[in-house]
Amino acid sequence: MEKASDLMSKLQALLSMKAWKLKTKQQELLIRVSILLLVYVLAFITRLFSVLRYESMIHEFDPYFNYRTTLYLTQNGFYDFWNWFDSESWYPLGRIIGGTLYPGLMVTAAIIYWTLRFLRFAVHIREVCVLTAPFFASNTTLVAYFFGKELWDSGAGLVAAALIAICPGYISRSVAGSYDNEGVAIFALLLTFYLFVKAVKTGLLAWALASAFGYFYMVSAWGGYVFIINLIPLYVLVLLVTGRYSMRLYVAYNCMYILGMLLAMQIRFVGFQHVQSGEHMAAMGVFFLMQVFYFLDWVKHQLNDPKLFHAFLRITVSSAVGLGAIALGLGTASGYISPWTGRFYSLLDPTYAKDHIPIIASVSEHQPTAWSSFMFDFHILLILFPAGLYFCFKRLSDATIFIVMYGLTSMYFAGVMVRLILVATPAVCLISAIAVSATIKNLTQLVREKPKTTHSGSAKGTTGTKTSSKGSFDQSLPFQKNGAIALLLGVFYLLSRYAIHCTWVTSEAYSSPSIVLAARGAHGNRIIFDDYREAYFWLRQNTPPDAKVMSWWDYGYQITAMGNRTVIVDNNTWNNTHIATVGRAMSSYEDEAYEIMQSLDVDYVLVVFGGVTGYSSDDINKFLWMVRIGGGVFPVIKEPDYLVNGEYRVDRGAAPKMLNCLMYKLSYYRFGELTTEFGKPPGYDRARGVEIGNKDVKLEYLEEAFTTSNWIVRIYKVKPPNNRW
Amino acid sequence: MSLVFRIIVLLGIAIPFLAILCHSFSPENPTDRRVLVLVGDLAIKSSHSLYFKSLENRGFQLDFKLAGDPKIALHRYGQYLYDALILFSPSIERFGGSINTAAIMDFVDAGHDLILVADESASDLIREVATECGVDFDEDPGAVVIDHINYAVSTTDGDRSLIAADDFIKSSIILGSNTIEAPVLFQGIGQMVNPSNDLVLKLLSASPSAYSANPKSKLSNPPAIYGSAISLVSVVQARNNARILISGSLKMFSNQFFRYGVQKAGSPTKHDKSGNEQFLTEISKWVFHERGHLKAVNVRHHRVGEVDEPSMYRINDDLEYSVEIFEWTGANWEPYVADDVQVQFYMMSPYVLKNLSTDLKGVHHTSFKVPDVYGVFQFKIEYQRLGYSSLSLSKQIPVRPFRHNEYERFITAAFPYYGASFSMMAGFLLFTIFYLYNK
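If you're matching them up, the sequences are chains Z and C in order.
Taking the working numbering, the leading residue of the first sequence gets 1, the next gets one more, and so forth.
Taking the working numbering, the leading residue of the second sequence gets 726, the next gets one more, and so forth.
Because the hints were derived from the structure by calculation, they are not lab data.
Some hints here could point you the wrong way.
Unchecked claim - Only part of the chain C face toward chain Z is listed, based on derived beta-carbon distances under 8 Å:
hint : residue
1    : Val833
2    : Asn922
3    : Leu926
4    : Val961
5    : Gly1100
6    : Gln1121
7    : Arg1125
8    : Pro1126
9    : Arg1128
To be verified - With a cut-off of at most 16 Å between alpha-carbon atoms, the simulated EDC-like pairs for lysine to aspartate or glutamate come out as follows:
hint : chain 1 : residue 1 : chain 2 : residue 2
10   : C       : Lys1105   : Z       : Asp601
11   : Z       : Lys719    : C       : Asp834
12   : Z       : Lys441    : Z       : Asp153
13   : Z       : Lys719    : Z       : Asp603
14   : C       : Lys1020   : C       : Glu1045
15   : C       : Lys1120   : Z       : Asp546
16   : C       : Lys1079   : C       : Glu1045
17   : Z       : Lys717    : Z       : Asp603
18   : Z       : Lys719    : Z       : Glu700
19   : C       : Lys1120   : Z       : Glu28
20   : C       : Lys943    : C       : Asp865
21   : C       : Lys1094   : C       : Asp1043
The beta-carbon is built from N, C-alpha and C at its ideal position, and this holds for glycine as well.
Here chain Z stands alone, though its shape is the one from the complex (with noise of 0.2 Å):
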């Protein structure tokens, strides 16, 4: 009996196979989901090209210390580390570290460091570090995704997902083992603006709160937050003079200013800043324009007379405006309001920085833009960009207006900074996977549109079809299938060429740690330069641990978390003035740098020169740097000094200052006895491509005491004064 029954069941199940099939949605879902799990799979595995190519390891200068001091808070406590006082930088002054740093990266990543502890997954901090950026590169092709569908619809979030995923502009940040800021910073940027949107298009008060800690995840994490605090005031400026003014963007701009806020101001290096400084002052002011708003609404109910309304607005919104004007004059003036930053008054002003803060133009990541970085970045999105605004202006809504003033503002900042191509990324992606999902859609419906089909077939579809196949596809034109197959084909081509290229660029260019340097050899073979790490470790193990190190800024960071020493001046550039003194010192005379050296009881001197190997990013070629920040605070170094004809020479036509100076002095000890290329004469220097001017080169008060293997690092020892003199 039993039996039988089974045997039924049986019968049944195998007849039911039409039961396995899913339903449409189902099956969409499915799919969908797959999609996104590749693409956040995906997303991973293509940053880690770094880890292949070299080894796990922290790439370039910042991560260093964020490297650092993620080690001290999985070691000490998260309290330590908030008040970690660092006598080991910017000697003798030290760093108060908890208080000038964005914690939110270290904590991530600490975070996810004691979570695999506590899973029992023995792993070292420095494989969490190598490996939070591309992990948060995987969230954020999630939060892509939302973004999408809350933009325009879900196929436009897949399209979205997966153009970030790969994006150069973004993986260039975000490879294993770059350790910084903007990793975690751009998915919480993201989040931020996704809830935001959320919170606007639904008026919830849920979403508006989310979107403040999302706001106060991206302040712990970068200080980039200051664009989320421009935009969002500047978007709600945007609706609210074109008369979208809603109940929705009261609620859930209010909540997401006063809340964001109030968060923001608990992480230390921002604190009042958010109530006082220039850059902040916007969003206060949106913040009470959307009170006055209200208040407007609230009158004109309570009137009920257009006429008295019209008089009161008048005099409600001068006054407002002129309190506010008025405020904000006051506060500037007495200085409870700071004024802006040269940081921000570079952005708006590209050439700013040039003629005041040498110090902020001297970073490569902060010159302007090229248009080849652009396409580089960007590939094809460059092109879908402006496509994609075509399909937003065309179906307006309060997120569309959203996307389209990110993507403008992020743009003109990108084109002001080459390394805020990264902020830009995700807009021109967004944007751009509007453009291609939009495309897709109505060619295919136009490759599946049966001939002579009448209206009930695609009345089916979604409401777009509906509204699309409405238009003049009616009547169908001559070769409309097959132009559409042939679009359909370009698209493809196009977006494979983008994936390859992709591939391509995070191999070759974006996936190298620039602490360690690769060359291709005369056979096509890779020979790799390690001289950084060989010169940090032979100062870990040859110097007395209290020893002082005196570099350019560059390098202090590594020196630091790499060779255990102090150093007078590294990457946080807080102390103009002490970088100064720096290039003070490398610009002048040995026996002048020696005092300065003296009393910033100097013990070595590091110096990073490319003439053997034509390394082309070293101390003498940013050595105008250096003499142009020093010459800013200390008069007595005048750049005219070391040109010769407006430019800087390193051979025998240089300026006779250029030749004696310390910089040059160390850069080129011992050179001139060297032969580093056949055919050319001694002292020959490969990354200038000259012979130098000074081959005999005698130093007084330091001595050699290290060079590595390639002579990209030499360190010199500061000698003790003259036992009789």
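For chain Z, the structure is supplied; the task is to place chain C on it using the hints.
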């Protein structure tokens, strides 16, 4: 028999060697022991025997060698063989063995002492060594110091180059506590102190009427060096506390000058014995670190009320600082008593500068408040006094700001703000209840 002989010989070598080891120069026992004397002529050993005897009587082992001896060496197997060097060979052109100017300077830079003596026949080599030490002898090869007013009355000296000098440096540390009554006889060449060198001191200066010229030729040009700018005897204390004595006269060390009676021209008093012996003996005590050598030990600092040394201070901490300073008397360390030792709390410039008070047992101490500035500070003592070896101590200590929980928790002045926030919270709650449940 031969075996016994050999053992005796071995013992004979070993015992003095062991004795040398026991009494050798060290930071704990800074007086020199082994002295190499390089003479140009072995006759000097007897003609200057009084000076050498006074050294030997004080326990120095003098090793006399001819300056041209090819076997002489200052160090062997990386160890210096001597603690001090006396150069009584003014006319030597080249030293024997491995000794040259650089070797002598290395010897000094390794912390050893030097007595350099020149005279009219001073060679370029000796002049070079002097120049390295910051003293330039008169370039003119025949020139000697002549003084027509402050000369010593003498029957033999016709050109008035025998000078009775009494312009000593005013320092009882260098010259001993007994004042030198009789003038010092000097006959030799003058020196100029290099103005760019601030470590060299004029120990015995010539009178304002002295000048340096060749007595045998007519003075056609004004003399290159003259007056009290001429230094007759100079000393240098190097940064590592090595001490150097430079004299322009070999004769002043001789038995002859030691025994001379001296009468300064124009002075009625006639001294039976010149001041040379007292002057040069006292100077040798100073040069060989029997006097004026300080050491600082037990640098301690801690918060008031604590004992252990912290690794870091906080701003506005009260701290105590103490250091023990001792002076070497030639035999043992005596507490050094002075009220002018200062400590700096230093970060690029001194934030605190305080005199240390002493307890007469060598401990110098003070207490002060850490300034309201964070950074990497140093406790610095830079004690440089005439005649004493220089003390330069520095100890690095970071000063941190307050921790987040070290500020005052409740401030009276902020009560209005507390009140405001709590009333706001209460008001909000009431308003919510009213708004939600009214109607």
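Hint by hint, here is what the structure shows:
1. Val833: Holds, because the Cβ-Cβ distance from Val833 (chain C) to chain Z comes to roughly 7 Å (cut-off 8 Å).
2. Asn922: 5 Å, holds
3. Leu926: Violated - the Cβ of Leu926 (chain C) stays beyond 8 Å from chain Z, reaching only about 13 Å at its closest.
4. Val961: With a minimum Cβ separation of about 6 Å from chain Z (threshold 8 Å), the hint on Val961 (chain C) holds.
5. Gly1100: Holds. Min distance 5 Å.
6. Gln1121: 6 Å, holds
7. Arg1125: 4 Å, holds
8. Pro1126: For Pro1126 (chain C), the interface hint holds, since the closest Cβ of chain Z sits about 6 Å away, which is under 8 Å.
9. Arg1128: 4 Å, holds
10. C:Lys1105 / Z:Asp601: OK: Lys1105 (chain C) and Asp601 (chain Z) at ~13 Å, within 16 Å.
11. Z:Lys719 / C:Asp834: With a Cα-Cα distance of about 13 Å, the restraint between Lys719 (chain Z) and Asp834 (chain C) holds, given a limit of 16 Å.
12. Z:Lys441 / Z:Asp153: Holds - the C-alpha atoms of Asp153 (chain Z) and Lys441 (chain Z) are around 11 Å apart, at most 16 Å.
13. Z:Lys719 / Z:Asp603: Since the Cα atoms of Lys719 (chain Z) and Asp603 (chain Z) sit roughly 8 Å apart, the hinted pair holds (cutoff 16 Å).
14. C:Lys1020 / C:Glu1045: Violated, at about 20 Å.
15. C:Lys1120 / Z:Asp546: Within the cut-off at roughly 11 Å; holds.
16. C:Lys1079 / C:Glu1045: 12 Å, holds
17. Z:Lys717 / Z:Asp603: 6 Å, holds
18. Z:Lys719 / Z:Glu700: 9 Å, holds
19. C:Lys1120 / Z:Glu28: Between Lys1120 (chain C) and Glu28 (chain Z) the Cα gap is close to 72 Å, so the pair fails against 16 Å, i.e. violated.
20. C:Lys943 / C:Asp865: Holds - the C-alpha atoms of Asp865 (chain C) and Lys943 (chain C) are around 13 Å apart, at most 16 Å.
21. C:Lys1094 / C:Asp1043: The hint holds at about 4 Å.
Of the numbered hints listed earlier, those contradicted by the structure are 3, 14 and 19.
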